[in-house]
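Enquirer: We have chain A already, so just place chain B with the ligands on it with the hints.
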Amino acid sequence: MPDEVTLTIDGQSVTVPKGTVVVEAARKIENLIPVFCYHPKMAPVGMCRMCLVKVGTPKVDRGTGKVELDTDGKPVIQMMPRLQTACTTPVSEGMVVVTKDAEVEHAQKGVLEALLTSHPLDCPVCDKGGECPLQNLTMGWGPGQSRFDYSDKVHFQKPIPLGDLIYLDRERCILCARCVRFQDEIAGDPVLGFDNRGRSWMIISKSDPAFDSKFSGNTTDICPVGALTSADFRFKARVWELQPVPTVCNHCPVGCNMTFDMRANEIMRVMPRENDAVNEIWICDRGRFAHHFVASPERLTTPLVRKNGKLQEASWEEALDLVARQLDGIRESAGGKAVGGLAGPSLANEDLFAFQRFFRETLGSPNIDCRPGTALDLPLDDFGAEYGLTSGTDLMQLGKGTVVLVFGADPEEEAPVHLLRIRNIAKRGGTLITINGRATKLDRFAEHTLHYRYGAETEVLAAMLKPLYDAVPPEGKRAALRGFGDLRGVLANASAERAVANAGVDGPTLEKINQALASATNLVIFYGQEALRAGTSVTAGLANILTLARKAGAPNSGLVALVPGANARGALDMGVRPDRGPGYSALKQPGMAAHEMFDAARQGRMKALYIAGLDPVQADPTLAEALKKVDLVVVQELFLTATAQLADVVFPVLSVAEREGTFTNAERRVQRFRQARRPVAPQRPDWQILQSLARQLSAEAVIAASANVSDKSRRQARRAEEQARKRTDWSYASPAEILMDIAASVPLYKHISYASLESALGVWGRKPNEAYYFDGTSYENTGGLGKQVPAGAENGGTLSLQPFNVRTFSQPAERPWKLIATPFLYDDSTLLNGSALLNNRKARPVAALNPADADSLGLKDGDVISIASGRGELRLSVQRTRLAPQGVVLVPLHVQGVPLVTVVEAGVTAVAIRRAEG
Amino acid sequence: MLYEKYRDEIDAILARYPSKRSALLPVLYIAQDAYGRLDDASIREVAEILDLPYTDVFEVVGFYTLFYNEDVGKFVLDVCDDVPCCFCGAEELVADLEQRLKVKAGYTTDDKMFTLRRVKCIAACDQAPVLQANLEFHYKVTPDKVPALLEDLRRKVESGAQISISGRFAEH
Ligand code: SF4
Ligand code: SF4
Ligand code: FES
Ligand code: FES
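Residue numbers (the numbering used here), protein chains in the order written: chain A, 273 to 1190; chain B, 14 to 185.
Derived from the structure by calculation, the hints contain no laboratory data. Being a predicted model, the structure only gives us computed values, none of them experimental. Each residue gets a CB set at the ideal place from its N, CA and C atoms; glycine is no exception. Please note that a few of the clues may not be correct.
Claimed, not checked - Label-pair restraints from in silico Cβ distances:
id: 1; chain 1: A; residue 1: Gly318; chain 2: B; residue 2: Glu104; range: 36 to 42 Å
id: 2; chain 1: A; residue 1: Ser767; chain 2: B; residue 2: Tyr77; range: 50 to 56 Å
id: 3; chain 1: B; residue 1: Gln140; chain 2: A; residue 2: Glu365; range: 33 to 39 Å
Same shape as in the complex, but just chain A (with noise of 0.2 Å):
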């Protein structure tokens, strides 16, 4: 095998592929040469010098070319004549290693002695104490005894603050550049540094922010000292004292794989979990940083009742017999379609598949929804689920021959660990292509990138999709795609030219484009808030371009959809939605969706509404005006958000660190995550809660079919006792019994179980003696990886194409600006509630203008303008920066002091801007 090489390690022979370097090899069969600075995410720099070992290799003839051989037959080697690194030395036929001998020891005791010089040898109190590689690697191969004088120290200022979240110990750090090369390399941002040199040397970080990075909680894991440390963490707990309990992340559609870290009942710090299909050893600092919303004080801990028009502490039981008899009340006198329920993204798929049995089965109710209601809410996406990604695909394994598309998505802020592992597909070669409206961090790491006119992006994909189109080939083929021939006409008059000339698009970009969608090996295509938000010609458009290509339902192929919430995947594929029952199946009467429920209280024909883990009111205050009319308004919450003030009976929930269930993520990877903590108050699980009413109103259901049966017909009456007592079958235990119900009654989830979800149990991640080579922290995942649910296109079948429709925007001459809504990661979510580490890294209110435009306006930063659309008017003051095109105004979504909802129209939202008077 040319691309094999065989080598000896202390005389056992291995063979690995070509370009590994020593260190891997000497790995694959467990000989652990001691690194600091290597870690293998990343490029070998041999600063560190910890990794030297004797390196030779066979000696070769000059004259002949041809490898000398002793008396014995065998090569002569020639060793070379110092001690080489061997994380940078890559192995070589025939290559001999020796890593433990006299002179191998006595440079690693060197090595340790000098790295120790001035370190302070202050473990008792260092965080890193009990997890420190550089502890580890003293006891293993440090020289025991110092020949330097202890009172002779180095001694700096300490800690330094690299940022609001890392502070920096000089006197620890051992100048291995892990952290510097981990921004460079992996997070894509450049924000550390080394300044001076010699003994001076030290890192610096001069960002503005300083540590501006949505993934520096990372560099205090792989830092292999205690020299980084987190403002979280730091002097909270030893880290023998932990109880690593298995999660998932609740913060977004990413789904990272992490721990609480528990020291009794309290979550002292969140880690990584190496799951390398969804978040490889990587996490963002929302996820790190943003758990204190489960040990907040202001956590609804009792239910609360509306007594004399103020809520009031109440017990379950009294809350609990309320709710059911008004909602009985409500079902016998209005019907069931009085009720609405919204359930939000961010609920287990548990709690969400008994949401909409509760409504459809319990109360007879088709009217729910996972939006908030809000002239924010998204379309409901489909083709994430009908497209997705296909089972088995790793973004992980994916490099050459992938074409990434992201369109109408800023990774960074809605899902960042997905910016890390797309960076990667196109570090191993993938092409990635970027498509937006604005400039994005994830351009930078883009081989192609176009910015299109807002509004005109179906432009755009009618020109990415006329030459798949035309290359389809006639027989057969054209048949097998159902509505080829509707988009016939669509794409008529398509072309490059048009795209160029309508959406301000680069036109020998756009070819380059072209060309590496024809020829992908696999296409993976990532779209989100953006391109929801312009509409689902935009998202059919994308789903054409997959299907076109003819990847649709193929390996390693598929859309992501990076649809806000932790389980935005799951509350859709539960069918928590008017439209859609459970795994997308037809409905024979849909429902209301959020927004016209809210119509409908408006109308005064909505009698009850229930809402789970969303705050509508808070998104738009003037829904509170319809809520008022509805006569029971019953919220399930962690928090007495601005809707549950306004709720007649508040129930308390428990959080995601407090019970068990999954999630969804966007790639449709079902996920488990654990109780870490036991409740400090009697809130319950939301589907809990949801079965106590069921229970309580099925029991009267089944009363009233088996009453009526004097004045029907016996079949009839049979039929309806029957009915209610399937819809009565509330016997939960637990939510692993919900998830074999939507085993069952989910086709798509067929092989999901809480079993399933643990499969990889014990063989995955890195054992615990190889912390070495990334850190004391092991990663080890002993929680399953979870399970992807297959993607619709995989039932083979035939294919459709959809509907798909070029759209021209027309920008009315009063209102020359187009208004984008833009999503940020630290926005103004309930759960950010109690991080105030945070506080700093928020989005702020502002509308950001490129500086020629806001030069047009006459405006200087801090200039307050007035937005006025169609509908109504916004006031915030001015941020100048290159980020926003031109003719576009920025404004941040889900920030308060931002009544976004009173001014976004559907599509495009046209404004005019003045400069606001006082």
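Expert: Same frame as chain A, now just chain B with the ligands:
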């Protein structure tokens, strides 16, 4: 401001390289001459002109000892006190300069005319003792040559000639 003021020079430098990053050192020289030193604000300004991450520029400035983060005189006098120069009278030269300029090595004269520094070998041992004035070499500087040298430098300042603490006009 820097760019507005030195647009021609900076553009000429930028035109020399395929990427802006390569222009970092020459643009830093201009900034240091313009501001008399490189403080945080001026380093950030250079980073913005060149579209570089701030931290990258700070790293470069921190690495080199010829970037000053404090005010220096019109002329920086770097006197070599390494071994060969020492044999040829470097210590006497330093002592003489200290006495005439009334400052210790490492400091700047009250009239902000000279900054006196000790440096290690500057690769002209064959002509020891050696000093550099704004990076321009002066060879075999025995104390008797000092008055004329200082006078000459002062006159340059008075004549309004271009002065560069970054050594942009040094003859090599
Ligand atoms: S702070 Fe840690 S990771 Fe960074 S250079 Fe120092 S020892 Fe290495
Ligand atoms: S990327 Fe998303 S899922 Fe991962 S840690 Fe961050 S917020 Fe959580
Ligand atoms: S030099 Fe090899 S691990 Fe640092
Ligand atoms: S020792 Fe002074 S120039 Fe070399």
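Enquirer: Give me the numbers of the hints this structure contradicts, sorted from smallest to largest.
Expert: Violated hint: only 3; rest satisfied.
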